[in-house]
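Protein chains: 2
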Amino acid sequence: MTVTDIERLIQLLARLPGLGPRSARRAVLQMIKRPETLMLPLAAALRQAAENVRACSVCGNLDTHDPCAVCRDRERDATTICVVEEVADLWAIERSGAYRGLYHVLGGTLSALDGRGPEQLSIGRLIDRVTRPSSSPAERPRVAEVILALSATVDGQTTAHYIVERLAETGIKVSRLAQGVPVGGELDYLDDGTLSTALRARRPV
Amino acid sequence: MTVTDIERLIQLLARLPGLGPRSARRAVLQMIKRPETLMLPLAAALRQAAENVRACSVCGNLDTHDPCAVCRDRERDATTICVVEEVADLWAIERSGAYRGLYHVLGGTLSALDGRGPEQLSIGRLIDRVTRPSSSPAERPRVAEVILALSATVDGQTTAHYIVERLAETGIKVSRLAQGVPVGGELDYLDDGTLSTALRARRPV
Chain A
1 MTVTDIERLI QLLARLPGLG PRSARRAVLQ MIKRPETLML PLAAALRQAA
51 ENVRACSVCG NLDTHDPCAV CRDRERDATT ICVVEEVADL WAIERSGAYR
101 GLYHVLGGTL SALDGRGPEQ LSIGRLIDRV TRPSSSPAER PRVAEVILAL
151 SATVDGQTTA HYIVERLAET GIKVSRLAQG VPVGGELDYL DDGTLSTALR
201 ARRPV
Chain B
1 MTVTDIERLI QLLARLPGLG PRSARRAVLQ MIKRPETLML PLAAALRQAA
51 ENVRACSVCG NLDTHDPCAV CRDRERDATT ICVVEEVADL WAIERSGAYR
101 GLYHVLGGTL SALDGRGPEQ LSIGRLIDRV TRPSSSPAER PRVAEVILAL
151 SATVDGQTTA HYIVERLAET GIKVSRLAQG VPVGGELDYL DDGTLSTALR
201 ARRPV
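Chains A and B, in that order, are what the protein sequence lines are.
So the first sequence is numbered by the numbering used here: it starts at 1 and just counts up by one.
So the second sequence is numbered by the numbering used here: it starts at 1 and just counts up by one.
Do not rely on the hints blindly, as some may be mistaken.
To be verified - Simulated restraints on C-beta separations: (1) A/G184 / B/A44: 41 to 47 Å; (2) B/G20 / A/L113: 29 to 35 Å; (3) A/E186 / B/E145: 40 to 46 Å; (4) A/G117 / B/D73: 52 to 58 Å; (5) A/G115 / B/Q120: 56 to 62 Å; (6) B/H65 / A/G117: 50 to 56 Å.
Stated by the list, open to error - If the Cβ cut is set under 7 Å, some of the chain A residues that face chain B in the computed set are: (7) D5; (8) L16; (9) S23; (10) R47; (11) L62.
The set of hints was computed from the structure by calculation and includes no laboratory data.
Ideal Cβ placement from N, Cα and C applies to all residues, glycine included.
Please construct the entire structure, taking both the sequences and the accompanying hints into account.
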């Protein structure tokens, strides 16, 4: 059998995270049943996104404009910058609706194992953004707080420590996300690390 | 945020079976990092498949040619037709490498609940294929056996019974897949139905 068109499509789809060869095959079979409603629109959307979506030169978010919609939004609190590892984290915080400041996407974490140092991340750009003398204060107010929203992993916390040190001399307030029991989490199913962190960080009621 | 290009792409991807909104987002973020190696090739492959892939007019398989590569293959045993529900089942049997005959894709099963009768499936076309007097026996040998490779579900078995009845008067040999313990299956984890089927169908060693 030389069903090259179909096989090539399956191979490409199977390279997406979350799709293996089996689900890629299922997806292709479902799409072929209705090319007009799913397959061709998907092809067009992919081409359009590949051509139009760029990383924001200010914060690293992905958008069809540069600066991105978040950085352009005058309603947002420009005195607060939330530092995240990846664009996916930025989107997750946006979905929560709990934050109205700006962002800074690092592009990953420091990692000795993977050989990622500070120069591979946009940490220098973050320091620039925070310390740059504002030519027109009305246009771009001074940053007052940097919130580190990094993973509670070894690499994430190493990166957080490094940024805290780099920002120490600027005198800017640096905070990080609270750690503890997730909302809806059952104690019985929590790992020991989370449980002991939550115990140590207990708060009076 | 009006990231319409990205959001539209995520929505389309999330409609594929096996991908929810979360994994569609992850897939899009990964693709945007390397548009040249994954995103644009995928867009091209989708458009190509949508334009070129058709159902085989003989057996219902999907291919860029009609008749499909299986039906055109002179090396295959044209006296045996394996009846399957969907193209995915045909591909699964092809991957096993255990079959060298032809196929017939029904396009589903009979289903009283979903209102699918024999006219919605390609059963009539199967009967035609099997009973058609062969104009040139060398060109197209008579079908000697029909193998029913249908799901071991109520609908699958109803469909099998119906096809057996329709083929009864033709005198053609009809068989079905063996049922029993799957290879590598542990008895402890088998459902009662499979276990009792395997017991009833026990074979001397």
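- Query: Out of the numbered hints, which ones does the structure contradict?
  - Reply: Per hint list: single violation, 3.
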